[in-house]
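J.: Chain by chain, the residues run as shown.
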Amino acid sequence: RKEVEQDPGPFNVPEGATVAFNCTYSNSASQSFFWYRQDCRKEPKLLMSVYSSGNEDGRFTAQLNRASQYISLLIRDSKLSDSATYLCAVNSGYALNFGKGTSLLVTP
Amino acid sequence: DGGITQSPKYLFRKEGQNVTLSCEQNLNHDAMYWYRQDPGQGLRLIYYSQIVNDFQKGDIAEGYSVSREKKESFPLTVTSAQKNPTAFYLCASSLTGGTGELFFGEGSRLTVL
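So the protein sequences, as listed, match chains C and V. Letter by letter, the first sequence follows residues 1039 to 1146 in the numbering used here. Letter by letter, the second sequence follows residues 478 to 590 in the numbering used here.
For reference, chain C alone in the conformation it holds in the complex (with noise of 0.2 Å):
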């Protein structure tokens, strides 16, 4: 079994859809857990962090599920500049493990 593993997609929404990323990981002592953002030929940049009590940012939602071993994270209101590559990420002792990301188009 992989460490971190991810639907790769394409989802493919409508501006102003809901659209629901999942992630499941592996390693049960995993403490940190991560969305990053990653646009085509692009280093990944940060999104947002995962608390064990979910957080929320605008209209990004990220929350942990400890006992089944996953995160998600929630995208309200698709807008166009969403379109990118979503990689989520946990921590394996001393690195942060990826998974393989999620493609997703929001078209007009």
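Calculated directly from the structure, the hints in this document are not laboratory data. Remember, predicted model here, so these are calculated numbers, not experimental data. A virtual CB, placed ideally from N, CA and C, is assigned to each residue, including glycine. Do not rely on the hints blindly, as some may be mistaken.
Here are the simulated DSS-like pairs of lysine-lysine, each with C-alpha atoms no more than 27 Å apart in a straight line [stated by the list, open to error]:
{"no.": "1", "chain 1": "V", "residue 1": "Lys-548", "chain 2": "C", "residue 2": "Lys-1080"}
{"no.": "2", "chain 1": "C", "residue 1": "Lys-1138", "chain 2": "V", "residue 2": "Lys-560"}
{"no.": "3", "chain 1": "V", "residue 1": "Lys-560", "chain 2": "C", "residue 2": "Lys-1080"}
{"no.": "4", "chain 1": "V", "residue 1": "Lys-547", "chain 2": "C", "residue 2": "Lys-1083"}
{"no.": "5", "chain 1": "C", "residue 1": "Lys-1138", "chain 2": "V", "residue 2": "Lys-534"}
{"no.": "6", "chain 1": "C", "residue 1": "Lys-1080", "chain 2": "V", "residue 2": "Lys-486"}
{"no.": "7", "chain 1": "V", "residue 1": "Lys-534", "chain 2": "C", "residue 2": "Lys-1083"}
{"no.": "8", "chain 1": "V", "residue 1": "Lys-534", "chain 2": "V", "residue 2": "Lys-560"}
{"no.": "9", "chain 1": "C", "residue 1": "Lys-1080", "chain 2": "V", "residue 2": "Lys-534"}
{"no.": "10", "chain 1": "C", "residue 1": "Lys-1083", "chain 2": "V", "residue 2": "Lys-548"}
{"no.": "11", "chain 1": "C", "residue 1": "Lys-1080", "chain 2": "V", "residue 2": "Lys-491"}
{"no.": "12", "chain 1": "V", "residue 1": "Lys-486", "chain 2": "C", "residue 2": "Lys-1138"}
Here are the simulated distance ranges between beta carbons [claimed, not checked]:
{"no.": "13", "chain 1": "C", "residue 1": "Asp-1077", "chain 2": "V", "residue 2": "Leu-504", "range": "20 to 30 Å"}
{"no.": "14", "chain 1": "C", "residue 1": "Gln-1107", "chain 2": "V", "residue 2": "Ile-537", "range": "23 to 33 Å"}
{"no.": "15", "chain 1": "V", "residue 1": "Gly-480", "chain 2": "C", "residue 2": "Asn-1093", "range": "20 to 30 Å"}
{"no.": "16", "chain 1": "V", "residue 1": "Thr-576", "chain 2": "C", "residue 2": "Asn-1103", "range": "14 to 24 Å"}
Where chain C lies over chain V, by a calculated footprint (3+ residues, C-beta under 8 Å) [stated by the list, open to error]:
{"no.": "17", "segment": "509 to 522"}
{"no.": "18", "segment": "525 to 537"}
{"no.": "19", "segment": "572 to 578"}
{"no.": "20", "segment": "581 to 590"}
Given chain C, put chain V in place with the hints provided.
T.: This is chain V only, laid out in the frame that chain C set:
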């Protein structure tokens, strides 16, 4: 501005040549990392360093070497032993190794002809 600088951004080399990718950070971060990204493969960890003069192999260290002589610098050498070196290489740093978020440089795109 504080950040991570990688150079060169694009690099072309002939097969069998060693190449060194530069990574410098002025964030005063202790930990630094090298990842490799291939299409559809996500990010894979090559090497990481938690402190100066110490570094550890990641998941795909074969064919690569690093050094950490200064806190600010973590260069990566792609040796001729690396069988498939064409990839997007990403350097990252974090305040402390382990549970912290990573900040990435803009990446170096290596193409071996």
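J.: All the hints need checking, so say for each whether the structure fits it.
T.: Hint check results:
no., hint, verdict
1, V:Lys-548 with C:Lys-1080, "25 Å, holds"
2, C:Lys-1138 with V:Lys-560, "22 Å, holds"
3, V:Lys-560 with C:Lys-1080, "24 Å, holds"
4, V:Lys-547 with C:Lys-1083, "25 Å, holds"
5, C:Lys-1138 with V:Lys-534, "21 Å, holds"
6, C:Lys-1080 with V:Lys-486, "11 Å, holds"
7, V:Lys-534 with C:Lys-1083, "24 Å, holds"
8, V:Lys-534 with V:Lys-560, "17 Å, holds"
9, C:Lys-1080 with V:Lys-534, "25 Å, holds"
10, C:Lys-1083 with V:Lys-548, "22 Å, holds"
11, C:Lys-1080 with V:Lys-491, "24 Å, holds"
12, V:Lys-486 with C:Lys-1138, "23 Å, holds"
13, C:Asp-1077 with V:Leu-504: 20 to 30 Å, "22 Å, holds"
14, C:Gln-1107 with V:Ile-537: 23 to 33 Å, "24 Å, holds"
15, V:Gly-480 with C:Asn-1093: 20 to 30 Å, "25 Å, holds"
16, V:Thr-576 with C:Asn-1103: 14 to 24 Å, "19 Å, holds"
17, 509 to 522, "holds (count 7)"
18, 525 to 537, "holds (count 4)"
19, 572 to 578, "holds (count 5)"
20, 581 to 590, "holds (count 5)"
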